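Everything in the sequence shown is counted per UniProt numbering, starting at 1 for the first residue and increasing by one.
I should point out that these hints are in silico values taken from the structure, not numbers from a laboratory. Mixed in with the good hints, there may be bad ones.
Keeping only pairs whose Cα atoms sit at most 25 Å apart, straight-line, the calculated DSS-like set for lysine-lysine is [as the list claims (entries may be wrong)]: (1) Lys245 with Lys198; (2) Lys6 with Lys49; (3) Lys241 with Lys198; (4) Lys95 with Lys6; (5) Lys95 with Lys44; (6) Lys44 with Lys215; (7) Lys44 with Lys97; (8) Lys49 with Lys95; (9) Lys198 with Lys113; (10) Lys44 with Lys113; (11) Lys97 with Lys241; (12) Lys113 with Lys6; (13) Lys95 with Lys241; (14) Lys128 with Lys49; (15) Lys44 with Lys241; (16) Lys113 with Lys245; (17) Lys213 with Lys44; (18) Lys213 with Lys198; (19) Lys97 with Lys49; (20) Lys113 with Lys241.
Keep in mind the model is a prediction, meaning the values are calculated, not measured.
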Amino acid sequence: MWIRRKFGNDPLYHALVQAYIDTLLSNGHNFECFVEGGRSRTGKLLPPKYGILRYVLDSVGSGRVEDALICPVSTQYDKVIETESYISELLGQPKQKENLRDFISASSVLSLKLGRIDVRFHEPWSLKQFITQQTTKIHHMPTNERNLMATISQEERSRILRTFGYRVLSQINDASVIMPTALVGTVLLTLRGRGVGKAELSRRVDWLCHRVKEKGGRVAHFYRAPTTHVVERALEVLGPKLVGKTAGLAEETYHVVDRFQLSFYRNMTIHLFIPEALVSVALYSRVKKGGEPSNQQITYDELLTRVSFLSQVRIPLYFTTRNMTLNRYDSYSEASLSSLQRG
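Whole structure, please, built from the sequences with the hints as guidance.
This is how it looks when you write it as structure tokens:
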């Protein structure tokens, strides 16, 4: 069923879509929706769009549908062919409209080596149970089994809807894997002013794989292939427009050609390292003041206060905060400090 992007003030259309979703869920049908509402131009997740989520939440929350199982899905690509146009849009150029001629000429990409696609599913969970938990937190008492959201205000409904949307986004991140091109792109962008040989690049990719797994992330399955082979394949997929190669040396050396496009792949990994980034920024804010080393020290309590503040700053990154609310951020900051020390 095709659904308009905007409904406006058309109550009939709203009612029609709600009835359609009620019918689908009541009959046990599966349907998918794209929570981000569009394609990311940066490689990072976009904020959730609440349109379809609002209808699904209302279907179950009102009791018209017994329950719905939510299954967040992550789809990762070795190569994203639109990165060049994405960067142009980020730099302020208008989006190029699709037309038939471009569609026909785009068939040439079918002959390109674009790597793999990795699709992962998060464990499904009950929306009814989620609503019950949220409404119980609000009223501190059991809710009506038939109409779970009957006694809560519109503001509280909106808060539950936002929690619903961001929970799905967080679980998409949890289910995602880091592709070889993202690993190679991340390593290359950490180098400044010089290239890197294949052996050193492979060693750094190995190190990053280990850190990703330490953080609870997952790396795409290499099928027992050696890291050097995986790096070669990733370099081939990224291509010479993103990664250059310098020949004539004792060892082939690779360097970044297009930092903007390569950052798209790097951004697929950064959600795993947000805790370390927040702690690093908090520490650097003291170092930035200058002075003697003794004046650049920071107490643990002050560090916790700064990390707490930074974690609430509005940034386009989505990460779980469940460990950040325990023991005044102690476990969160201690784990991040330990990770930085192991560096």
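- Given pair status - Lys49, Lys97, alpha carbons within 25 Å: 23 Å, holds
- Message: For a C-alpha distance cap of 25 Å, please report whether Lys245 and Lys198 respect it.
- Response: Holds, at roughly 10 Å.
- For the pair supplied as a hint, Lys44 and Lys97, confirm whether the alpha-carbon distance does not exceed 25 Å. OK: Lys44 and Lys97 at ~23 Å, within 25 Å.
- Would you check the hint for Lys113 and Lys241, treating anything up to 25 Å between C-alpha atoms as holding? 14 Å, holds
- Satisfaction of hint between Lys49 and Lys128, Cα-Cα up to 25 Å: With Cα atoms ~20 Å apart, Lys128 and Lys49 stay inside 25 Å; holds.
- Hinted pair Lys44 and Lys113, Cα distance within 25 Å: 24 Å, holds
- Task: Take a quick look at whether Lys95 and Lys241 sit within 25 Å of each other, Cα to Cα.
- Result: Answer holds: Lys95 to Lys241 is near 21 Å, not above 25 Å.
- Message: Would the hint linking Lys97 and Lys241 be met if the CA-CA limit is 25 Å?
- Response: 24 Å, holds
- Message: Hint check: Lys44 vs Lys215, CA-CA at most 25 Å. Holds or violated?
- Response: 18 Å, holds
- For the pair supplied as a hint, Lys113 and Lys6, is the alpha-carbon distance within the 25 Å limit? Not satisfied, since the Cα-Cα distance of roughly 37 Å exceeds 25 Å.
- Does the alpha-carbon distance linking Lys113 and Lys245 stay inside the 25 Å limit? 18 Å, holds
- Query: Do the alpha carbons of Lys44 and Lys241 lie within 25 Å of each other, as the hint requires?
  - Reply: 22 Å, holds
The structure does not agree with numbered hint 12 stated previously, though it agrees with all others.
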